[in-house]
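Chemist: The listed protein sequences derive, respectively, from chains X and A.
Numbering-wise (my numbering), the first sequence opens with residue 1 and increments by one.
Numbering-wise (my numbering), the second sequence opens with residue 1 and increments by one.
Fair warning: there could be bad hints in the mix.
When chains are identical, the list treats them as one kind, so a pair holds in a single copy or across two.
Said to hold, decoys possible - DSS-like, lysine-lysine: derived pairs with alpha carbons at most 30 angstroms apart:
#1 K63 x K53
#2 K117 x K63
#3 K168 x K221
#4 K127 x K114
Just so you know, the hints here were simulated from the structure itself, not pulled from any lab data.
Protein chains: 2
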Amino acid sequence: MSLIVQKFGGSSVADAARVMNVARIVTDTYRAGNDVVVVVSAQGDTTDDLIDKALEINPNAAKREMDQLLTAGEQISISLLAMAIEKLGLPVISLLGWQAGFNTNSVYGAARIKNIKTNRLQAEIAKHNIVVVAGFQGINRYDDLTTLGRGGSDTSAVAIAAALHADKCQIFTDVEGVYTADPRKVPEAKKLAEITYDEMLELATLGAQVLNNRSVEMAKKYSVELEVLSSLNPVAGTIVKEKVKMEKMLIRGVTKDKDVALISVVGLEDNPGVAFKIFAKLAQKNINVDIILQSVGRNGTKDLTFTVNKENGPIAVELLEDMEIIDGKKITCATNVAKVSIVGAGMESHPGTASKMFEALYAQNINIQMISTSEIKISVIIDAEEADRAVSAVHNAFIPND
Amino acid sequence: MSLIVQKFGGSSVADAARVMNVARIVTDTYRAGNDVVVVVSAQGDTTDDLIDKALEINPNAAKREMDQLLTAGEQISISLLAMAIEKLGLPVISLLGWQAGFNTNSVYGAARIKNIKTNRLQAEIAKHNIVVVAGFQGINRYDDLTTLGRGGSDTSAVAIAAALHADKCQIFTDVEGVYTADPRKVPEAKKLAEITYDEMLELATLGAQVLNNRSVEMAKKYSVELEVLSSLNPVAGTIVKEKVKMEKMLIRGVTKDKDVALISVVGLEDNPGVAFKIFAKLAQKNINVDIILQSVGRNGTKDLTFTVNKENGPIAVELLEDMEIIDGKKITCATNVAKVSIVGAGMESHPGTASKMFEALYAQNINIQMISTSEIKISVIIDAEEADRAVSAVHNAFIPND
Chain X
1 MSLIVQKFGG SSVADAARVM NVARIVTDTY RAGNDVVVVV SAQGDTTDDL IDKALEINPN
61 AAKREMDQLL TAGEQISISL LAMAIEKLGL PVISLLGWQA GFNTNSVYGA ARIKNIKTNR
121 LQAEIAKHNI VVVAGFQGIN RYDDLTTLGR GGSDTSAVAI AAALHADKCQ IFTDVEGVYT
181 ADPRKVPEAK KLAEITYDEM LELATLGAQV LNNRSVEMAK KYSVELEVLS SLNPVAGTIV
241 KEKVKMEKML IRGVTKDKDV ALISVVGLED NPGVAFKIFA KLAQKNINVD IILQSVGRNG
301 TKDLTFTVNK ENGPIAVELL EDMEIIDGKK ITCATNVAKV SIVGAGMESH PGTASKMFEA
361 LYAQNINIQM ISTSEIKISV IIDAEEADRA VSAVHNAFIP ND
Chain A
1 MSLIVQKFGG SSVADAARVM NVARIVTDTY RAGNDVVVVV SAQGDTTDDL IDKALEINPN
61 AAKREMDQLL TAGEQISISL LAMAIEKLGL PVISLLGWQA GFNTNSVYGA ARIKNIKTNR
121 LQAEIAKHNI VVVAGFQGIN RYDDLTTLGR GGSDTSAVAI AAALHADKCQ IFTDVEGVYT
181 ADPRKVPEAK KLAEITYDEM LELATLGAQV LNNRSVEMAK KYSVELEVLS SLNPVAGTIV
241 KEKVKMEKML IRGVTKDKDV ALISVVGLED NPGVAFKIFA KLAQKNINVD IILQSVGRNG
301 TKDLTFTVNK ENGPIAVELL EDMEIIDGKK ITCATNVAKV SIVGAGMESH PGTASKMFEA
361 LYAQNINIQM ISTSEIKISV IIDAEEADRA VSAVHNAFIP ND
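Please construct the entire structure, taking both the sequences and the accompanying hints into account.
Modeler: Here is the structure:
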């Protein structure tokens, strides 16, 4: 007998018919001889609707009260799912985050799980109940309700799987798994049977929004085997784990991110601390910098180029213009750019990977403005208009088309 | 400085504008120098909407899960009201039933309050917070959520007032107070300045649905002074307390109840236990019997007449027809009847009250089919079509028209 944690997002429980569909998946798993803990998000647009209600009354409401409000969303979905499972004739109980033992810190709206007191969960499993747990929420030391922030239900599911030493954590979504590229854009995209945590993290960061990043980090830390699969189409999904069996594919995926602004400062004095001062200034304003390139400029100066989110582009430029060390230097900000990346744990032992990617782009006459590499990722900044064509070209160069 | 508990029903917080209106009433009370605890119900139709969602999935859902579902309703209203009060610049915190210390038994859907652990409530009041508490809900010994049943928010408010020894418990509704008759039917109806708990209880039982009966019983038990007043029109309401100052009025109100079926069994054998057997049979099927009259019939038999709710009329007749002792006896069931009652604690010391009521009906040529009296109430069963005329006639006979 295995213990399986299953997580269903808001769209999977959006209405009565979908709740019944989820109940059937859960009860099939239970009837196959498994213990099952189910984690669910709020139904469909419930969270957004509640936020709208709050904004109408007070756009600057205390975050504690926002969490008190929003946690009602999963309370509704867990009890409805429990009723659906009960209707299918199986023993079931729903638990709110605090009833399931989710203790968090007190950062309302983006709380971190400190621990899960599993007594109640284990008692209910021992009674052979299917346990339906509210994702996204917990309780702090003051007995106040907290939320983990958007996408937090994935984290809830992985945390339960880790705390209960579950055999598997299945994340049900509206896609059938993790693909080598966005299947809506690249028809040749393939579903991956397996992928490593690190690869999944790079893909998530790069915009393949299948799994919440924190949940993958936690799964890696506690060695929780994840499976990403579809709640609508019952086929095998993608397994995320530490080591995967070798496949012919060198890379796991090709992604595109158009939410990029490329900022350049030309002719900075070549003194120690210049880069530090600039990025410290940006960090103060919570502006995340992604790729950074520093190069030697003319006459003993240096040039600095980096990328930020598109919306932070103008803000970053304004901050830089106010700095003494920038005084008079030329600052440019380009927003018509995109980042195209390949991810794969195997590439570090294949020196030709980068050149193969550049060759594919060159063959399409696509100009590379910036390059960044890590052990399992290569990203290039190119013209935004050429992004889709670049993804296809790179995908076809790397992913065998069988 | 006084401690005032204020309770607002679902219609008082139905939308953003009404929530802001309630916030103004609460903050005015606080700014006048009082500590304030506010108890609110779920917004408008929220509870009914949640019940509909449940029925769509499972009409026979476990009551534990129904309570898990329904308690989300007040969770939404308390956080929104807290946000509204915060917007008006005052310190505020919302508390769910369990956070406010409401411990109940485990009768899901109709739980009884066992005690209120007031630590948190008192700590928040000591911090000068306005405390917004979810009515209608609590927690049982298993850490599961419970509801007090419909109208339970009144009970929540009175229970908090009793536990905190509040100076007053104000119940805000959509009427301005307790009237001597339904003001929509009897234009001469007067708002009462004061009324005793017992009178209020009789009026509530008789269909003047201003206050939940359990809440009045609890207010009486713990001597909590109640005030019924309007959330839309800020004028003095009706005070409910143990003893009221004498007024010229002998009676407090005239009520009408058309939800009555009058059942008669004629010619029963005059043996011991006949009445017991009949009413035990009805009690088994949870049929409440209201007025009972037993009279001597012809030839050593007896006749039994009693009233039940209209919907229970045919069921009661069917049950009786199956009984051995009824065999062959004539059973009639009239549903075109109404009960008209007068209530007043003063009437017990005024022997002429009943005859004054009967005289008023006689003057209107209204035939009385059945009479029932208690220390503070006189009820008559009359033809349903004459009910409104009867209420007016009796009202005008008793209530001085100044």
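Chemist: Take the hints in turn and mark each one as holding or not.
Modeler: Quick rundown of the hints versus the structure:
Both within a single protomer and between protomers do K63 and K53 lie at most 30 angstroms apart by alpha-carbon distance, with minima of 14 angstroms and 29 angstroms respectively. Taking CA atoms no more than 30 angstroms apart as the test, K117 paired with K63 passes in both settings, with 25 angstroms inside one copy and 26 angstroms between copies. Within a single copy, K168 and K221 get their C-alpha atoms as close as 15 angstroms, which meets the 30 angstroms cut-off; across copies the closest is 56 angstroms, which misses it. With identical chains, the CA atoms of K127 and K114 are at most 30 angstroms apart both within one copy (27 angstroms) and between copies (28 angstroms).
The structure shown violates none of the earlier numbered hints.
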